[in-house]
Amino acid sequence: MIAYLSLYKLRPEVTEEKLEDMMSRARMALLRVPEVLTVKTGKRVNPNDPFPWFVYLEVESMDKLAICQDDPHYIKFREEVLKPNVAEQDATAFEMEPRKNVKYS
Numbered sequence: 115m116i117a118y119l120s121l122y123k124l125r126p127e128v129t130e131e132k133l134e135d136m137m138s139r140a141r142m143a144l145l146r147v148p149e150v151l152t153v154k155t156g157k158r159v160n161p162n163d164p165f166p167w168f169v170y171l172e173v174e175s176m177d178k179l180a181i182c183q184d185d186p187h188y189i190k191f192r193e194e195v196l197k198p199n200v201a202e203q204d205a206t207a208f209e210m211e212p213r214k215n216v217k218y219s
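Straight run, no breaks: the sequence shown in my numbering ends on number 219.
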């Protein structure tokens, strides 16, 4: 099982209201992707934290993550929500199964 975590720095013009809309749109769009098992998104609690927003996905494998990122719903989310509002992204994938060699993820 793969956890894919993306942390985002937003453009200065993104308001609190816009961020709320982005969170909602992320959930709606990404839950339409068949390979996505779980979607979570949230905003920072501490204003000193460098990333004000995150999106977390769970998928079965790295292959499923690649398929997910090629899905039309994911591409639309990236083009309509991320590109116009995100200044910087940091993303990483984690294997969540104990004792599983990440080589086979």
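Calculated from the structure, these hints are not laboratory results. A couple of the hints might just be wrong.
[As the list claims (entries may be wrong)] Restricting the straight-line Cα-Cα distance to at most 16 Å, the calculated cross-link-like pairs of lysine to aspartate or glutamate (EDC-like) are:
| id | residue 1 | residue 2 |
| --- | --- | --- |
| 1 | Lys197 | Glu149 |
| 2 | Lys157 | Asp177 |
| 3 | Lys178 | Glu130 |
| 4 | Lys178 | Glu149 |
| 5 | Lys157 | Glu130 |
| 6 | Lys214 | Glu149 |
| 7 | Lys123 | Glu134 |
| 8 | Lys154 | Asp177 |
| 9 | Lys123 | Asp185 |
| 10 | Lys217 | Asp184 |
| 11 | Lys157 | Glu174 |
| 12 | Lys132 | Glu194 |
| 13 | Lys197 | Asp135 |
| 14 | Lys217 | Asp177 |
Everything numeric in this text was worked out from a predicted model, so none of it was measured.
Each hint tested on the structure:
The straight-line distance between the Cα atoms of lysine 197 and glutamate 149 is roughly 22 Å, outside the 16 Å bound, and the hint therefore fails. In summary, the hint linking lysine 157 to aspartate 177 is not supported, as the alpha carbons are separated by about 28 Å, beyond the 16 Å threshold. Taking the CA atoms of lysine 178 and glutamate 130, the gap is near 32 Å; set against the 16 Å cutoff, the hint is violated. Pair hint lysine 178 plus glutamate 149 holds up; C-alpha atoms about 6 Å apart against a cutoff of 16 Å.
Among the hinted pairs, lysine 157 with glutamate 130 is consistent with the structure: their alpha-carbon atoms are about 10 Å apart, no more than 16 Å. This hinted pair does not check out: lysine 214 and glutamate 149 have alpha carbons roughly 20 Å apart, beyond 16 Å. As the CA atoms of lysine 123 and glutamate 134 are separated by approximately 15 Å, the hinted pair is consistent with the 16 Å bound. Taken as a hint, the lysine 154 and aspartate 177 pair is broken in the structure, with Cα atoms around 20 Å apart against an allowance of 16 Å.
The suggested pairing of lysine 123 with aspartate 185 is violated, with an alpha-carbon distance near 24 Å, which exceeds 16 Å. For a cut-off of 16 Å, the pair hint linking lysine 217 to aspartate 184 is broken: about 22 Å separates their Cα positions. With a C-alpha separation of about 25 Å, the suggested pair lysine 157 and glutamate 174 falls outside the 16 Å cut-off, and the hint is violated. Under the criterion of a C-alpha separation no larger than 16 Å, the hint pairing lysine 132 with glutamate 194 is consistent with the structure, at around 13 Å.
Between lysine 197 and aspartate 135 the alpha-carbon distance is near 15 Å, which keeps this suggested pair within the 16 Å criterion. A hinted pair counts as satisfied when its Cα atoms are at most 16 Å apart, and lysine 217 with aspartate 177 qualifies at roughly 12 Å.
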